[in-house]
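Residue numbers (our numbering), protein chains in the order written: chain A, 3 to 579; chain B, 186 to 296; chain C, 11 to 111.
Think of the hints as simulated: they come from the structure by calculation, not from any bench. Where is the CB? At the ideal position from N, CA and C, for every residue including glycine. Treat the hints with caution; some may be incorrect.
[As the list claims (entries may be wrong)] From chain A, some residues computed to sit far from chain C (all C-beta separations above 10 Å):
#, residue
1, Ser-57
2, His-157
3, Ile-169
4, Asp-216
5, Glu-251
6, Lys-255
7, Gly-286
8, Glu-298
9, Arg-317
10, Asp-338
11, Arg-497
12, Leu-552
[Unchecked claim] List of simulated lysine to any residue pairs, SDA-like, C-alpha gap at most 20 Å:
#, chain 1, residue 1, chain 2, residue 2
13, C, Lys-97, A, Ala-354
14, A, Lys-241, A, Ile-259
15, A, Lys-255, C, Gly-81
16, C, Lys-29, A, Gly-348
17, C, Lys-97, A, Lys-86
18, C, Lys-97, A, Gly-339
19, C, Lys-29, C, Ser-67
20, C, Lys-97, A, Gly-355
21, A, Lys-110, B, Gln-241
22, A, Lys-86, A, Ala-18
Now for the letters of each chain:
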Amino acid sequence: MRSEGALPRPVDPEAAPLLVLVADDNPTDRLILGRLVERLGHRVCLAEEGKQAVSLFVERQPDIVLLDALMPVMDGFEAARQIKQRAGEDLVPVIFLTSLTETDALVKCLEAGGDDFLTKPYNPVILQAKIRAFRRMREMHQTLQSQRDVIAGQHASLVRDQELAKIIFDRVAHSGSLSDNSLRYLQSAYAMFNGDILLAAHRPSGEMHLLLGDFTGHGLSAAIGAMPLAEVFYAMTSKGYALRDILLELNSKLATILPVGIFCCAVLIEVNPTKGLVEIWNGGLPDVMILGRQGELLERVTSTNLPLGVASRERFSPDPKVLVMHPGERLLCWTDGVIETRNGAGQLFGDAGVLRVIDAHKGEPEQVFDGLLSALSQFHGSPEDDVSLLQVVMPERDHLPAPQPQPLTAAMDAQQDWRLSYTFRAQAIRGQNPLPFILQKLLSVAGLRARAGALFTVLSELYSNALEHGLLRLDSAWKQDSDGFALYYQERSARLQALEDGWICLTIDHRPDVQGGELVLTCEDSGAGFSTVRSAADYAGRGLALVAALADELAFSEQGSRVRVVFRWQLGHTPEA
Amino acid sequence: MSESLQDVNPAVLQALRELMQDDYALLLDTFQGDADLRLRQLREALQADDMDAFRQAAHSFKGSCGNMGAAALEQACLEAEAAGLAGDSAEAAKALTVIEQAFVRLKPLLH
Amino acid sequence: MSIQASMSADSQILTINVKGRFDFGAHQAFRSAYERSGLTPRQYVVDLHETDYIDSSALGMLLLLRDHAGGDSADIRIVHCNPDVRKVLSISNFEQLFSIE
């Protein structure tokens, strides 16, 4: 030991004692070094040669190893190698004790995994400095390791959470009527992580509602808004609400729950094959395109609305554009991934890219969807994973799917002996659609549930007939061509907002009998009715032909401002099935 | 050159006494025992003309002499180690003689 | 991407310059540009003349700025958009919320 290295303060006040393994075949040196280490406040275990050092290392797991280089049985070089191997990714500093001075021998120490040297005779101050330095290094390493483990653990649990969330998301985002024959769509497996959502559902009266949405941002925050969106969409559609009502509710729900800065660009569509109409509302997505039977571009519906969840109720415009769509015509829409796809040179696929594809498939519109996909992947160089794409082909009228008959359950309908009457005045008519509420009441009669679709259609027709012709005095003759259609619905919206007077009265009378029951619906309005001169044209124009076909009886009175419809139903018999 | 070195550095011994406390006597005994062993190993190696064994014994002995503050003996061991490394048995024999003389001088000083 | 904010001499107009891509990467910098304490400008100008790309998260950031500046009463001008940027803003109908020049 060196005398000039005065003994350091007995206990290192900085930290808890370490366990130090000292391996030296020389008993004098071992004794002195062991005692020096103890004097520094650490614990010691002693080995007389390399092999013993390795087994003590395994057994006691010391924090620092002091190894003599030249020892019998197993030298320090081999012992260092084995110790380092057994330590794995833990940092166990190995300090060689040596009076060797030749560079070659020192190099051999380093190659065996040695971290430092301590030369004989021992200098207590240097020993203390080295132990301190390695303690700090070891602590830093442990901190790093445990932080890494925490991060890895959190990452694993995040991945697990995301997998679960994805299952839920996929069930929500891919449920409903997406398997309908008239639809084709592409949604990437990463839809959740880019915030894309696609929903489809049928109203009780048979129209299909579609929602293609794209939430801002990525990851879970983008996905989370999909849940309330889907819930409102499905619930309101199945209750028979119109697109407008659903849009109002979606916007206000999202505006309430989403933080500022997160919103949903969306297209909402109602497809009405019976009437050959589509309603389209576009808030923030690329143009919706309608192609003719030859694949020619008929119509582009540009976004004219703020995305969902941005605007306050007052500012929000829920009025969709209404268009005629003939059987075989197709509607295409997509999220901005399509037009924002870039190639290697950074060029955008863009609108022009879409139009090129449409142009290239003139005469074979059924190829447009696939053509778009392959054009995108060629342009991008790999299949796109940030794209959602939807195609709707307007079905033939006589190929409409039959409404799902529901099994007759209750014979309790004998108690359903009642009559109710609602009169809606101007303010109520401006603000809400009363039909879903009325329909719910009707469906409390189990025997009528099988005819829910027909009932809802009839109710809707009666109500809109009363509203549009009776109260708003719109002329169905306008609806002869597409321009007239647009005008018609524009006027409808304007006049409805300005409506100050008038009323619509719906009366429902249900009487059970031995075989089933009879339902009488009466719809009356404050309007003047329709003239006898044009009655035939108006009759057709008012969609009442449909009512006549669905109901068992149809009669007019008061110049047509009063319509009476009768449904009869029988136990155990589902007329529409 | 070895003559100019102290046989023992009293300051080192004092530091060791302070470090070892009650075990100081044990340390002296241990050193004594180890020194006897190394001297025997050196003699046997020289006899067998095993210069590698000679070098190893001298190397190990040198370490503990250094730690005990036995400067002259440490220097003698260093020279013996060099002779062993060079495989020069004549030099080795000379060095061993110097070691034995230094150890004889050292023994009474260790207390 | 780099973002620079400068206040007019009379402390009435805060101009925020966005250079390069205006996307999620700009989030923090864009926020700090208007959130620095003590700023109460009457008007905000978002100058996009050096912006070559804008995505929907940037739209979200603009909405956050609008919220910060008082929501419906905010006076925010978005100026010097290139045609691509302009298109993204108008698809989302942001003219209804911002004055876009």
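Here is what the structure says about each hint:
Separation of A/Ser-57 from chain C is adequate, the least Cβ-Cβ distance of about 55 Å exceeding the 10 Å criterion. Look at A/His-157: its CB is around 20 Å from the nearest CB on chain C, clear of 10 Å, so calling it non-interface holds up. Under the 10 Å C-beta cut-off, the non-interface status given to A/Ile-169 relative to chain C holds; the minimum distance is some 26 Å. At roughly 7 Å from the closest C-beta of chain C, the C-beta of A/Asp-216 falls inside 10 Å, breaking its exclusion from the interface.
With a closest Cβ-Cβ approach of about 20 Å to chain C, A/Glu-251 is found to remain outside the 10 Å limit, as its non-interface label requires. Annotated as non-interface, A/Lys-255 keeps its C-beta farther than 10 Å from every C-beta of chain C; the closest such distance is 17 Å. Remark: the non-interface label on A/Gly-286 conflicts with the geometry, its nearest Cβ contact in chain C lying 4 Å away (cut-off 10 Å). Against the 10 Å criterion, A/Glu-298 stays outside the reach of chain C, whose nearest CB is about 24 Å from its own CB.
Separation of A/Arg-317 from chain C is inadequate, the least Cβ-Cβ distance of about 7 Å not exceeding the 10 Å criterion. Interface exclusion of A/Asp-338 from chain C breaks down, the closest Cβ pair being 7 Å apart, not more than 10 Å. The non-interface label for A/Arg-497 is consistent with chain C: the shortest C-beta to C-beta separation is roughly 24 Å, beyond 10 Å. Non-interface status of A/Leu-552 relative to chain C is upheld: no Cβ of that chain comes within 10 Å, the nearest being about 40 Å off.
A C-alpha spacing of about 14 Å is found between C/Lys-97 and A/Ala-354, which places the hinted pair at or below 20 Å, so the restraint holds. Among the hinted pairs, A/Lys-241 with A/Ile-259 is inconsistent with the structure: their alpha-carbon atoms are about 23 Å apart, more than 20 Å. For the suggested pair A/Lys-255 and C/Gly-81, the alpha carbons sit about 18 Å apart, so the restraint of at most 20 Å is met. Straight-line distance between C-alpha atoms of C/Lys-29 and A/Gly-348 comes to about 17 Å, which keeps the hinted pair within the 20 Å bound.
For the proposed pair C/Lys-97 and A/Lys-86, the alpha carbon gap of about 62 Å is over 20 Å, so the pair is violated. For the hint pairing C/Lys-97 with A/Gly-339, the CA-to-CA distance comes to about 14 Å; that is within 20 Å, so the pair holds. Distance hint between C/Lys-29 and C/Ser-67 is fulfilled; the C-alpha atoms sit about 16 Å from each other, no more than 20 Å. Restraint check for C/Lys-97 and A/Gly-355: satisfied, since their Cα atoms lie roughly 16 Å apart, inside the 20 Å limit.
Among the hinted pairs, A/Lys-110 with B/Gln-241 is consistent with the structure: their alpha-carbon atoms are about 17 Å apart, no more than 20 Å. Between the alpha carbons of A/Lys-86 and A/Ala-18 the distance comes to roughly 24 Å, so the proposed pair goes past 20 Å and is violated.
When held up to the earlier numbered hints, the structure conflicts with 4, 7, 9, 10, 14, 17, 22 and fits the remainder.
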